[in-house]
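As given, the protein sequences belong to chains E and W, one line each in that order. Take the first sequence: its letters are residues 1072 to 1208, numbered as in our numbering. Take the second sequence: its letters are residues 1072 to 1208, numbered as in our numbering.
Hints were generated in silico from the structure; no laboratory data involved. Don't take every hint at face value.
Identical copies look the same in the list; a pair holds intra-copy or inter-copy alike.
[Claimed, not checked] Dumping the calculated EDC-like pairs for lysine to aspartate or glutamate here, alpha-carbon to alpha-carbon at most 20 Å:
#1 K1191 / D1149
#2 K1175 / D1092
#3 K1192 / D1092
#4 K1192 / E1097
#5 K1140 / D1198
#6 K1111 / E1134
#7 K1185 / E1114
#8 K1175 / E1097
#9 K1110 / D1182
#10 K1160 / E1134
#11 K1201 / E1177
#12 K1079 / E1197
From a predicted model like this one, the values you see are computed outputs, not experimental measurements.
What follows is the residue order along each chain.
There are 2 protein chains.
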Amino acid sequence: MSFIDTLKYDERGLIPAIIQDAENGEVLMFAFTNSTALKKTLETGLMHFYSRSRNKLWMKGEESGHTQKVVEMRVDCDTDALLIKVKQKGGACHTGFRSCFYRKVEPLAVDTDKYTEDGKKLFNPEDVYKGKKKKAR
Amino acid sequence: MSFIDTLKYDERGLIPAIIQDAENGEVLMFAFTNSTALKKTLETGLMHFYSRSRNKLWMKGEESGHTQKVVEMRVDCDTDALLIKVKQKGGACHTGFRSCFYRKVEPLAVDTDKYTEDGKKLFNPEDVYKGKKKKAR
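Pulled out of the complex, with its shape left as it was, chain E reads as follows (with noise of 0.2 Å):
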C-alpha cells in the first residue's frame, strides 16, 4: 500500500504540484502530476511530472539539466494537492529565470494590462534548449 494510491486525482488522473525551493520557499513552478510520475519520483529522487499537451511523463531537467531533487513532500487537506520542497539544480523556469513567477502585477488593480518582470533571470534558454521551443524540461 501507498500514499499514491490514496490521493485524490482529477477527472484526467491528474493532481497539482506546487514545487518550492527547499532552502528559500520561493515557489519555483506549478504542474500536474500523476500517480505513475509519482511513483518514479519517489524511486528516483526526482521530480517528474505529467504534461497534458504532450501526454507524456517527464523528468524535469531531462533536457536542460534542471532537475529537481525532492526534499519533503507534503499533501493538503483534502488529499488532491501536493506541496513538493526541492533542491533546484540551475533555473526552474524555461525562460531562463528561476522561478517561473517571475513576473508580478502592478500596480494590484483590475486595470493593470501588463506585468513587472523582476524575477532573477539565469541562463539563455536558446544556449540550453538549443533553439527548439520546448517547455519547463
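Since the structure of chain E is already known, use the hints to place chain W on it.
Chain W in isolation, oriented as in the chain E frame:
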C-alpha cells in the same frame, strides 16, 4: 483592458491559485479561482475563489473570518497559474491548521502509507464553523 482577460483558464474557466504567506513564505493553500472571483479579489483586496463542488464564488474567510488580504499577485510563464502572497488572518485551513499542507510524506518512499502531521494548529473547527462540516471557508 485587464490582465484578468488575458490569463489562460482551463476548459472549466478556472485557473490554479497558490496562496503563500507574504511574511514567512509558507504555502498556505491551493484552490481554483476564475475571472469573476479575480475581479472581486482586486476590487476588495481580499482573496476570492471559485468552488467547483459548490458551484459558486466564495470569499476566503466569509464564514470563519479568516480572510486573506492580497499583498502581491504573480503569474507564471504560461499565464495559466497564479501565485498570490497574502496576509492571512487566523488559519488558512478549515481543519484548524495554519496551512492546508499540514501533513508530510515520511519516510519519503513509495511504500509510505500514512502521513506525519506536523502543521501548526490554530483553532478548533467546531468552534469556528459551528459544528457544520464546511470546507476552507
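A quick look at each hint next to the structure:
no.	hint	verdict
1	K1191 / D1149	between (33 Å within a copy, 17 Å between copies)
2	K1175 / D1092	both (19 Å within a copy, 16 Å between copies)
3	K1192 / D1092	within (16 Å within a copy, 24 Å between copies)
4	K1192 / E1097	within (14 Å within a copy, 23 Å between copies)
5	K1140 / D1198	neither (23 Å within a copy, 41 Å between copies)
6	K1111 / E1134	within (17 Å within a copy, 41 Å between copies)
7	K1185 / E1114	between (42 Å within a copy, 18 Å between copies)
8	K1175 / E1097	both (14 Å within a copy, 19 Å between copies)
9	K1110 / D1182	between (44 Å within a copy, 10 Å between copies)
10	K1160 / E1134	within (13 Å within a copy, 42 Å between copies)
11	K1201 / E1177	neither (33 Å within a copy, 39 Å between copies)
12	K1079 / E1197	neither (38 Å within a copy, 25 Å between copies)
Hints 5, 11, 12 from the list above are not met by this structure, while the remaining hints are.
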